[in-house]
Amino acid sequence: VPTPALIDSDVLERVLSASLAKGGDMAEVFAEDRQTSSAVLDDRRIEELSSGRERGAGIRVVIGETTGFAHTADLSEAGLLAAAEAAAAVARRGGGGTATALPPRRPAPDRDAVLPSTVEKSAKLELLSRADDAARSAGGSITQVQVGYGDSRRRVLIASTEGLLAEDDQIRTRFNVSCVATGDTGQQTGFESVARTEGFEVFGRYAVEEIARIAAARAIGKLEARPAPSGELPVVLAGGSGGILFHEACGHGLEADHIVKDASVYVGQVGELVASPLVTLIDDGTVSGEWGNYAVDDEGKPAARNVLIENGVLTDYMWDWLRARKEGRPSSGNGRRQSYQHLPMVRMTNTFLLAGTESADELIAQTPRGVYVAKLGGGQVNTATGDFVFGTSEAYLIEDGKITTPLRDANLIGNGPEVLRRIDAVADDFAMMPGTCGKDGQSVPVGCGQATLRIGGITIGGTAA
Amino acid sequence: VSDLFALAERIVGRAKAGEEIEAYVARGHDVEVRAYEGEVESLSSATTGGIGVRVLVANGSEGARLGFAWAGSLDEEVVESTVVEARDNAMFATPDPDVAFATPDGVEADELDLWDPSVANIATDDKVALALDLERQVRADPRIRQVSSADYGDERIEVALASTTGIRSFTHRTAAFLSASAIAGEGSDSHTGTGFSVARGFAGLDTDRAAKDAILRSTRMLGATKPPSDRLTVVFDPRVVSTLLSIISSALSGEAVVKGRSFFAGRVGEKVATGSFTLVDDPTDPRAFAAAAHDAEGLACRRTVLIDSGVLQGFLYDTVSARRAGTASTGSAVRGGYAGTPGPGCRALVLQPGHHDQQAILAVVGEGVYVQSVTGVHSGVNAVSGDFSVGIEGLMIRDGELAEPVREVTVASTLQRMLQSVLHVGSDIEWLPGIAAGQTLAIGDMQLSGS
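Residue numbers (this note's numbering), protein chains in the order written: chain A, 1 to 465; chain B, 1 to 451.
Errors might be hidden in some of the hints.
[What the hints assert, rightly or not] Among the chain B residues that face chain A by a calculated CB cut under 7 angstroms, a handful are:
hint : residue
1    : S61
2    : G63
3    : G67
4    : S190
5    : F196
6    : S197
7    : G260
8    : S373
9    : G376
Just so you know, these hints were derived from the structure itself, not from any lab. Note that the structure is predicted; figures quoted are calculated from it, not measured. Each residue gets a CB set at the ideal place from its N, CA and C atoms; glycine is no exception.
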């Protein structure tokens, strides 16, 4: 038996018609029901078990180049009609309201997931204690451990005057461990997480003890770390260490909202060689279970696999409804929003580099001197200049083709198009990593992936001469 | 006011024997306008509201257990389920003698005027006109190729807090913003600059200033190149200093200290910075963007001296972290809205001003680099280890004046070393959005990584 719709179709039809009563090209209702639970174990105590519930709808009315938007936590017909009137305040042309007929409902696909709400709280908390024990037994230098668990179920419904009616039911689970290690040289931190668009079954495949041990080892290893070098060196990024390189070096710059405003270095570059021929970059919201996975985007468009760069040649940008309309083409299924309280915009899903053929070990052996990055932290880009940074959270020197001394955390800085051209080797050990992407005040879950690769030279922002 | 308080009281009234309840009830109104190419790109308006409920269940001599639940709604019907859920969550927490709600501590809250009714009374058309005017002013400069965003925004926030431990507080504040992001130049010599103005109300906004700042910051970067690596003095722009102080503040959180996650732990009374460095958190100064009369547990906000002439004085505490540390709350609880739980944090950091303005500091420094903006703060600054590495854009300082622009470089050190290398604190206090004021700051002996 399918779950009842968040809003009945006859109510949606009346609200959509009312949204265009004063004119406009398109009106859309985005309804959301989000249930979350989270737990934190810190300083050896289960400190906080938290549950939350949020329901509401955002209504947008598009007229020419102008968008009106309003949202409400009141999903009754009266509440929705009030939001529709507020959103329609931008429409002044007048003109008649057109009747909207929605297609029959197609409930969200069944994810076959173990719903978080069906799992005992004690079972979730047991994971925290197990991870805490594992991290603390990793070494005497571990002085603090924080373990976090979180799950969410996000049901969405999108209906528009273009005759669209779509639903999705997104279940996400995350688990993360942060450790502090203390030694003669001060303190260092280590972090590791697993985050999947799946239910509680995820813990059948991922052992929380292993996540904890990785985080602990990362912190302990850095106690012996030397300051990172300052200046330009070859850099080898480990497989799955963070496709965030591509997320920052070109992903954001390929989002069509930056393109249509001429605020990206990749404007007018379709068909041009923008990267090393070793680079084939994909954005794919359909990859089941990955952190940036969904059935339909937050505009009701099915997720798709989009080739962005093929053998170094730029093939396409990423699109949402608004920017695609401007160019007279279809959306690529990249219209996303943080919640019903936000307007959608172009966002990445799971962005990854296709694997190459070399062996990762040989790639390292063929690097006389450089930096090996086992794990990346976050990053940031200025799409208009292409300059971007990304931080290391586990890195080592490469000397004579061997991984040697651990390095303290530092940012690396480069220019997107230049760095993409300098990728001179890609190995065959592909892996994905979850992340949270922030843009214009909105956060969404994304995946990043890549195999071990080498950048011929990039500036490392350390302090060692 | 009264409806939010009444709801908070009804939630608190559901407490059973042997338990305490705290209710945080918040409502916000906001308007946002974005202008683009002389038109309204988007106009959003919304009212949001929600409740956050904490339940504390006594557990004999072992202390108490704490549970939390929230709902993004002010409807009466969600109250019951939220209280039940918070109570159930408490059953699974570890009993802890230090877990407690705030109780009135006798400190009188200041009367602060943080509410400007103009944000509610001004017509939407006037707000739209301001955003359009801002965009027009930035585009009027022939060197500006694009204005990627020109925004007007305002917000009204009201919070009622009540608890079975005697807390009753109400805080409300307004804010209005203007911000513009400009792009100057063409092709590979494109540069961005953001200008903004922030005020309690509509009348305090300065379109001219926001436009000029966006133009200056983008156009002075034209022709920027990547300089060679060097060890030098760095002069940070007030906006960047506001960010730096916010990062340092996480190591001054009493919670980070008691949990062994701060490089300041165990160093009270020691000289952690140069003598010119005096850092105060004063949320009772109404000029501060995040000024407040009451903290997020309902205690009076108060002035706390954190570092005095380079000597570490103490930390910021909420109720629980203070109990763990064997001290009293400094009225420094903050939380991220109704869906968050309280923890200690700064609201209004400011450095005791020095004697020189920015121009005078540049003149005294002579040679170095001036940092206009930083990137990668989240990935390159670690408040536990103190490691510091950020991407920068700025201008070289030559003969005491701003010279050629530089880009695609980093500056690095450690926070500990930076505090001991402060050369000058500016007299130019700017009240910026966020939790810290901005002032020019010169720090010696940092590593610039370039070509």
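Quick rundown of the hints versus the structure:
no.	hint	result
1	S61	violated, 16 angstroms
2	G63	violated, 10 angstroms
3	G67	holds, 6 angstroms
4	S190	holds, 5 angstroms
5	F196	violated, 14 angstroms
6	S197	violated, 18 angstroms
7	G260	holds, 5 angstroms
8	S373	violated, 9 angstroms
9	G376	holds, 4 angstroms
In this structure, the hints that do not hold are numbers 1, 2, 5, 6, 8, in rising order.
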